[in-house]
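Can you build the whole structure from these sequences, using the hints too?
For the protein sequence lines, the chains are A and B, in the order given.
For the first sequence, our numbering assigns the number 1292 to the initial residue and increments by one for each residue that follows.
For the second sequence, our numbering assigns the number 2 to the initial residue and increments by one for each residue that follows.
These are computed hints drawn from the structure, not numbers from a lab.
Accuracy of the hints is not assured; some may be wrong.
[To be verified] With a straight-line Cα cutoff of 30 Å, these simulated DSBU-like cross-link-like pairs (lysine-lysine) come out: (1) Lys73(B) to Lys1423(A); (2) Lys1418(A) to Lys73(B); (3) Lys1420(A) to Lys74(B); (4) Lys74(B) to Lys155(B).
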Amino acid sequence: MPKCKINGQEVEVEAGTTIIEAFKKLDSEIAHYCYHPGLSVAGVCRLCMVEIEGNPRLQIACNTVVQDGMVINNNSEKVKETVKWGLDFHLINHPLDCPICDQAGECELQIQYMKFGQYDPEMAEPKVKKNKVVDLGSKIVLDSERCILCSRCVRFTEEVSKTNELGIFNRGDRSEIGTFDGKPLENDYAVNTVDICPVGALTSKDFRFRQRVWYLKNKETVCPGCSTGCNVKSYYNEEGLFRVKPRQNDEVNGYWMCDKGRDTYKFVNKENRLLEPKVGQSGQWDSQEVDGVMSVMSTKIDDAVKSAGSDKVALVLTGQYTSEEYASMLSYFVGHLKSKNVYHWVNNPESFDEFDGLLLRGDRNPNTKGLLNGLDQHGITAPWSDLETKLNAGDIEVLLVAGPEDPSVFPTLTEKVSLFSKAKNLFWMSAAKTEAADSATTKTWQIPLKTYAEKEGTFVNHKGIEQKIQPMVNIVDCAQTLSEVASALSGQKVDHLGSLVKDRKTNHFINHHGGGL
Amino acid sequence: MAFSQETIEFIKKECQRYETRRSAILPCLYRAQKEDPNNQVTPEAVAEMATLMELPEVQINEVLHFYTMYNKKPVGKLHVQVCTNISCSMNGGREMAEHLCKEFNVNYEEVSSDGRYTISRVECLGSCDTAPMMQVNDKYHENLTKEEAVKLLKDM
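Written out as structure tokens, the structure is:
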């Protein structure tokens, strides 16, 4: 394995490694725009210049393979001067509209300018005018003047999504990104081009102008959109979640995520949530306190078990919850109630086994595998048709349903609710506010649950890889987890913070600097 | 407009000729332009080429837009390309181009109302020793004056 010296630091790398990868291995900083580890090498931005001892000219680090004994640096005056000029060339036709640009705060060009530049431009010529606010379809907007032609997005559509929408047209200073004959950039992975765009040329319609990025915090979590379980970062502030971006995990998702996964922040936010427990049926609802509903649920279950045996109580679970929640709910049912009436609600059986060949899977739940593992452990094998038969025969006294967190992946929600309405008492636990649940025709209690952004736990993806999620925001104070419901049912008093901090005032400034939410 | 059978054969043959099919884009575009009644390459022609060559449309479009010698807009019967690079400019090439526009009542890159002329200014055509000069379709006309150029074009 070749050894080399980078800025005085010895490093050993595998044969065939490029200099820029060796820099990354050492966590040593190197300016670059066009290089991306998930794409082929283009070598067009000329910013990753390094000086190799014995080599009269500077070389680009992204396309030069490390040879044994190389002595490399990128902190000599010669390199700094070259990068400064390289940057100057990038800025010749760049509008420098950072104050109104949505990329400001996470723009590579801005970062490098603050590092190497901070001078007045030396070009006397007027800037070339190009197309601005180009509509590239339903998800993306292009500003050609900001583009530095790094070609990352073009390589992405060619190599990763293999849809070939984008290209570079014209030449010289008139070159710009575009699509053939105005065709839109519509594929399931299109917004990745926004992530990899080092400047503000490609921006996401969903996120642009909604928040300045420096007002957002982020935490690492797992996308709950399907059973692939892409590793993501969620960006949030005290108002809720604003966007989701992928983070690298070679075993799961590489560097990418699908556009459907990017919508998974929406159902977390207040406007789509069930905000308080309520009781009623057929559109007539009264609000309730959490403790009250819990004790009603507990009493109803006890009464049913006492009068007619635990067969009259059933539980329906979906693949949307954490393994820990399944464990506590199942041990309550199997251990405490001695009942195996637990059923797996498969939300979309027709498209469940589909796979688009890249990341998106037809199983649109994050933890189906975790649920199946839990059911296996307790030897629960009852098929869904059993539940249907029992409900149709009027054999179910109390039905607990841990319903959808993201109702958009439950195409047959209304039909299922009308099936569940055949139970005498329905306890509908869900994070989402849905018309379907409000239309339940039997006596129903709706209990708000926490979403993946408000709790910790484990998701098991389709390959069986266990991944942790962590809490980041608190959107609905009185929301419960299934574990909390299970312990309340088994007689423990749940000390939920909700009622203590109701209507408290939030200090945005303190939050921004790391205060609790 | 669909390609003629000969053009289709030509494109298929060119695709076999090089190591990668992308290399055949240049000759195929040239052929498509030759065949077009307006001497241009239309998006429809690019789309048809893409199917024939089994390449993404965008890759053909990139090449098409890189080279100025492919016409993206309709061109008249006589495509007059006046060199306005250094030697020709010094000898009145720019003035000649202006004069031609006035004479035939047409703007640069547009087709005159009778459909005969399109006048464009181009970079060096490698005929500096005989400046000023112009290229009409495939032919060079050298050592010109304004008046000679007008006469030449009117007689064609």
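Hints, one by one, checked against the model:
Note on Lys73(B) and Lys1423(A): the hinted pairing holds, with a Cα-Cα distance of about 22 Å set against a maximum of 30 Å. For the hint linking Lys1418(A) to Lys73(B), the alpha-carbon distance of about 25 Å falls within 30 Å, and the restraint holds. Our distance criterion of 30 Å between C-alpha atoms is met by Lys1420(A) and Lys74(B), whose separation comes to about 21 Å. A distance of roughly 23 Å separates the Cα atoms of Lys74(B) and Lys155(B); the hinted pair therefore holds under the 30 Å criterion.
Of the numbered hints given earlier, the model fails none.
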